[in-house]
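Undergrad: These protein sequences, in sequence, are chains Z and F. The first sequence lines up with residues 1 to 220 when you count with the numbering used here. The second sequence lines up with residues 1 to 338 when you count with the numbering used here.
Read the hints as simulated data drawn from the structure, not as lab findings. For each residue, glycine too, the CB sits at the ideal point set by N, CA and C. Please note that the accuracy of each hint is not assured.
Have a look at the derived ranges for each label pair, beta carbon to beta carbon [stated by the list, open to error]:
#, chain 1, residue 1, chain 2, residue 2, range
1, F, 40, Z, 215, 46 to 54 Å
2, F, 116, Z, 215, 51 to 59 Å
3, Z, 217, F, 231, 51 to 59 Å
4, Z, 219, F, 181, 25 to 33 Å
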Amino acid sequence: MEAFIQEWLPIIGQSVIETFQMVIISLFFAILIGVPLGILVVLTRPGQALANRFIYQLLNLFINVVRSIPFIILLFFILPFTKFLVGTTIGVQGVIVPLVIYTAPYIARLLETSLLEVDNGIIEAYKAMGIKTRQIIWNVMLREARPSIILGLTIATVSLIGATAMAGLVGAGGLGDLAYRFGHLRYEVDVMYATVFILIILVQGIQSLGNRLAARLKKD
Amino acid sequence: MIKLENITKVFPSKNGDVTAVNNVNLHVKKGEIHGVIGYSGAGKSTLIRLVNLLEKPTNGSVSINGTELTSLPPEKLRKTRQKVGMIFQHFNLLKTATVYDNIATPLKLLGYDKQEVKKRVEKYLKIVDLAEKQNSYPSQLSGGQKQRVAIARALSQEPEILLSDEATSALDPETTNSILDLLLKINEDLGITILLITHEMNVIQKICDYVYVLEKGEVIEQSSSIELFTNPRKHTTKKFLDTISQRKLSASLISQLKLNGTVTRLTFIGENTGQPLLSQVSQKFNVEPNILTANIMELKNGIVGNLVIHLVGEPEQINASLQFLNEQGVATEEVEGE
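Work out the full structure: start from the sequences and follow the hints.
TA: Here it is, written out as structure tokens:
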């Protein structure tokens, strides 16, 4: 056991750091793109404040198309785009772009669902009080949807961790890659178990953190 | 104060256009409480949403304080809406905010400074009698308390008009009464003009000066509430009145009673109960009046009594006594066995 830890701890530690890097950076950009996208999808819906059939359907199509592509395909499919954007297609840097493109539409969809759950009556009440649409989005829709948005982001984060496992294919490392290379290709079964165990703890931790945060924000 | 002229609202739908509100005229004077009553689907909710343009009318004009709203640019419309408070059947409070924040948030968004916000929240929470609940969340309040918060929120913007969209429909009778008392108080103490919609006749009875009966998007009858309660003309209106007073007798009972007389409804305004009149009738004419049902309704602006009597006697004596009653200012109406 001790020998195992001594031998593998630096490698596993390095992988954990890589996974965290990938998840945090891509999550950041995915939220930056996905949240406005989700808000826009809701607002351009028929009957909403900025109702616009054309933009609404275009956004929907875009989200659906991206969401139809499995991550492993997406990773290679957009190689030229990745190269253009960050100058490289390998390493953590190279995998951030596909991870963001993979996650942002997912977040947009989850956010759309959360926002649509907000009672239309309260939005109408604020409209009747003469409050600006922009303020309603921030102070009513996003505010009321917070617990549900947190849960959505938790789901997105977990699926993002899953996607990072494939990052090894472009040499970005991470826990998934470690389990695959050592555990599967080199039959170091212990390493596989260890990484899977760490992944379970990680996902479990993120999920309960999300649950707890959502519960605290939810007041009904 | 509020004036709707020839207002029509048509909703396009797959199965043809639906006219929710058809050519409605409505005029609420400053300081009055007007009520629109109608069954579900009569177009009440659409009608009240047309007043602050949450729904845009297909035709007609809406003016508040002489300002025509339909042609206002969005910015001016927002300013006008700030002077028109609105409360709802389902309260429409922020679930994730405390009572205090529910009232303070709109004020902050409308640009009032912190001190003014605090002053107003405290003032209006006191008026609705909820000062001690300011740190509670809506889920911890009863329906009546939630509606009080919503009323405080509406009042905190110091509107001249309050629109009430079925504000008591989700509440039990006792709570309904306390909310109606509160609305009356607001009307009297703060001079706020109120337009409400409801399907409950007791709401009209208790607080309205003037009533519109809405059916299939059209106003089929309108009058002061005293007039409506004493002299309802349309079938729907009578049906609404039946919901609060025991006006109905079974058809078989009526036909049986009619074998030796007539069954008549007497309606009178004011406190003079029918009693002395009836004894006069029996002395003056050769008839015997028999009270079948009796009730007295307190309206906002007076008292209306309602008696259904069985008059036994010869037809000419009965006619003479009915005429006498009419002369005394009592409305008479023969009750039909269906």
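Undergrad: Between residue 40 of chain F and residue 215 of chain Z, does the beta-carbon spacing fit 46 to 54 Å?
TA: violated (37 Å)
Undergrad: Is the gap between the beta carbons of residue 217 of chain Z and residue 231 of chain F within 51 to 59 Å?
TA: Given a distance of about 56 Å, which is inside 51 to 59 Å, the answer is holds.
Undergrad: Given a hint of 51 to 59 Å, does the C-beta separation of residue 116 of chain F and residue 215 of chain Z actually sit inside it?
TA: Violated: the Cβ-Cβ distance is about 35 Å, outside 51 to 59 Å.
Undergrad: Does the beta carbon distance between residue 219 of chain Z and residue 181 of chain F stay inside 25 to 33 Å, or does it fall outside?
TA: holds (29 Å)
Of the numbered hints listed earlier, those contradicted by the structure are 1, 2.
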